[in-house]
Amino acid sequence: MSNELIRLVDCCMVFDDELVLDKLNLAIDDSEFLTLLGSSGCGKTTTLRIIGGFLTPTSGKVYFDGAEITNLPPHKRQINTVFQKYALFPHLDVYENIAFGLRISKTPEAEIDHRVKEMLDIVSLRGFERRKTSLLSGGQQQRVAIARALVNQPKVLLLDEPLGALDLRLRKDMQNELKRIQQQMGITFIYVTHDQEEALAMSDTVVVMDKGHIQQIGTPEDIYNEPQNAFVADFIGESNIIDGCMHEDYVIEFLGCKFPCVDKGFAEKESVDVVIRPEDIDIVSPKEGRLSGVITSITFKGIYYDIIVDIKGYKFLIQTTDFHPMGTTIGIVIPPDDIHVMKKSNYSDQVGDYSCYSDEYEEINDPNFAEAESGEEETKDEF
Numbered sequence: 107m108s109n110e111l112i113r114l115v116d117c118c119m120v121f122d123d124e125l126v127l128d129k130l131n132l133a134i135d136d137s138e139f140l141t142l143l144g145s146s147g148c149g150k151t152t153t154l155r156i157i158g159g160f161l162t163p164t165s166g167k168v169y170f171d172g173a174e175i176t177n178l179p180p181h182k183r184q185i186n187t188v189f190q191k192y193a194l195f196p197h198l199d200v201y202e203n204i205a206f207g208l209r210i211s212k213t214p215e216a217e218i219d220h221r222v223k224e225m226l227d228i229v230s231l232r233g234f235e236r237r238k239t240s241l242l243s244g245g246q247q248q249r250v251a252i253a254r255a256l257v258n259q260p261k262v263l264l265l266d267e268p269l270g271a272l273d274l275r276l277r278k279d280m281q282n283e284l285k286r287i288q289q290q291m292g293i294t295f296i297y298v299t300h301d302q303e304e305a306l307a308m309s310d311t312v313v314v315m316d317k318g319h320i321q322q323i324g325t326p327e328d329i330y331n332e333p334q335n336a337f338v339a340d341f342i343g344e345s346n347i348i349d350g351c352m353h354e355d356y357v358i359e360f361l362g363c364k365f366p367c368v369d370k371g372f373a374e375k376e377s378v379d380v381v382i383r384p385e386d387i388d389i390v391s392p393k394e395g396r397l398s399g400v401i402t403s404i405t406f407k408g409i410y411y412d413i414i415v416d417i418k419g420y421k422f423l424i425q426t427t428d429f430h431p432m433g434t435t436i437g438i439v440i441p442p443d444d445i446h447v448m449k450k451s452n453y454s455d456q457v458g459d460y461s462c463y464s465d466e467y468e469e470i471n472d473p474n475f476a477e478a479e480s481g482e483e484e485t486k487d488e489f
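Mapped onto the numbering used here, the consecutive letters of the sequence shown carry residue numbers 107 to 489.
Don't read these hints as lab results, they were simulated from the structure. Don't take each hint at face value.
Cross-link-like lysine-lysine pairs, in silico, DSSO-like; alpha carbons within 30 Å at most [to be verified]:
| # | residue 1 | residue 2 |
| --- | --- | --- |
| 1 | K238 | K212 |
| 2 | K421 | K317 |
| 3 | K450 | K418 |
| 4 | K238 | K285 |
| 5 | K407 | K418 |
| 6 | K421 | K375 |
| 7 | K238 | K261 |
| 8 | K393 | K418 |
| 9 | K129 | K182 |
| 10 | K191 | K238 |
| 11 | K370 | K449 |
| 12 | K191 | K212 |
| 13 | K317 | K129 |
| 14 | K407 | K393 |
| 15 | K421 | K370 |
| 16 | K418 | K370 |
| 17 | K375 | K393 |
| 18 | K407 | K278 |
| 19 | K261 | K212 |
| 20 | K421 | K364 |
| 21 | K450 | K129 |
| 22 | K449 | K364 |
Model the full assembly from the supplied sequences, consistent with the hints where possible.
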């Protein structure tokens, strides 16, 4: 059973009269890999800095292992941080970069040597001890930064978008490395990212944030398969989000058709949001489908096709490995387990609308629209 290590209680943060965090409550367990996920400005980095002691919340409290640490400075916390800019010392080699903090704390030389070599093994850099950090690749520099943070044996490692500067292939490799290091060390990692795929691949727990509020906390599987509102459904992966009516338990209606589902507990004929992931829609002949429509767009994505299908004015996104020509009329089948029903929220009708997506592209491809836009820009330039 996991033990709680960190707790934030009613934490608010105000910058220049702007409320950045609004009564945030969050518990983090020992040895947990937890990711704060959200777009720029959602409050995730502010939350990380409060945990690290770099910011003091305007109100609220922070607890570490049962003791309040709200006003405790960073160097007195059992917490270290790895930033996106690694801030390595260019005049020191790999060994001395990792040993730096131990030398500051006057650790005996034999202990320094033992711990530095242990960290070199953990981050797979044995043999690079005397290499200048300026001669290392981005991924190797990041490993040095991680080793330097971990050599002081913190209970928690904070990582503020540390993979942002790496290319796609290296970023994926480092995702696996970070998860391996966290499991090997057995300490708490708190990770900040705006990359949904990264969060799902690495985390034990994902905290989805928007506008200073936590929208949902759960395992990657829960966050993806059981989003609590339209924001989470749209932000995590791709979704078709449709207005629906819950007639009774296990019966949902949308686009004029009733479907069996696995959801219950809603009021009779309650208006709801219906979430259907594009990979969960099966394409069949028009006669076999509960709904049918015309393919209006096809995009090849390598291992699958993104297909936009116009069904009664709503444009569904479907992901399939089978090719279907433009203009083809198809039917769709959606298994009950793949229909997720959510209560209406402040995010309803704001996100996940592929009708808007398609309309934007139709406008771009409309020569009259292009001419109007061009004329408007020229008018602006004149003034």
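Hint by hint, here is what the structure shows:
no.: 1; hint: K238 to K212; result: holds (23 Å)
no.: 2; hint: K421 to K317; result: holds (29 Å)
no.: 3; hint: K450 to K418; result: holds (22 Å)
no.: 4; hint: K238 to K285; result: holds (26 Å)
no.: 5; hint: K407 to K418; result: holds (26 Å)
no.: 6; hint: K421 to K375; result: holds (24 Å)
no.: 7; hint: K238 to K261; result: holds (29 Å)
no.: 8; hint: K393 to K418; result: holds (16 Å)
no.: 9; hint: K129 to K182; result: holds (25 Å)
no.: 10; hint: K191 to K238; result: holds (17 Å)
no.: 11; hint: K370 to K449; result: holds (11 Å)
no.: 12; hint: K191 to K212; result: holds (26 Å)
no.: 13; hint: K317 to K129; result: holds (12 Å)
no.: 14; hint: K407 to K393; result: holds (28 Å)
no.: 15; hint: K421 to K370; result: holds (27 Å)
no.: 16; hint: K418 to K370; result: holds (26 Å)
no.: 17; hint: K375 to K393; result: holds (28 Å)
no.: 18; hint: K407 to K278; result: holds (18 Å)
no.: 19; hint: K261 to K212; result: holds (20 Å)
no.: 20; hint: K421 to K364; result: holds (18 Å)
no.: 21; hint: K450 to K129; result: holds (23 Å)
no.: 22; hint: K449 to K364; result: holds (18 Å)
In summary, the structure agrees with every hint in the numbered list given earlier.
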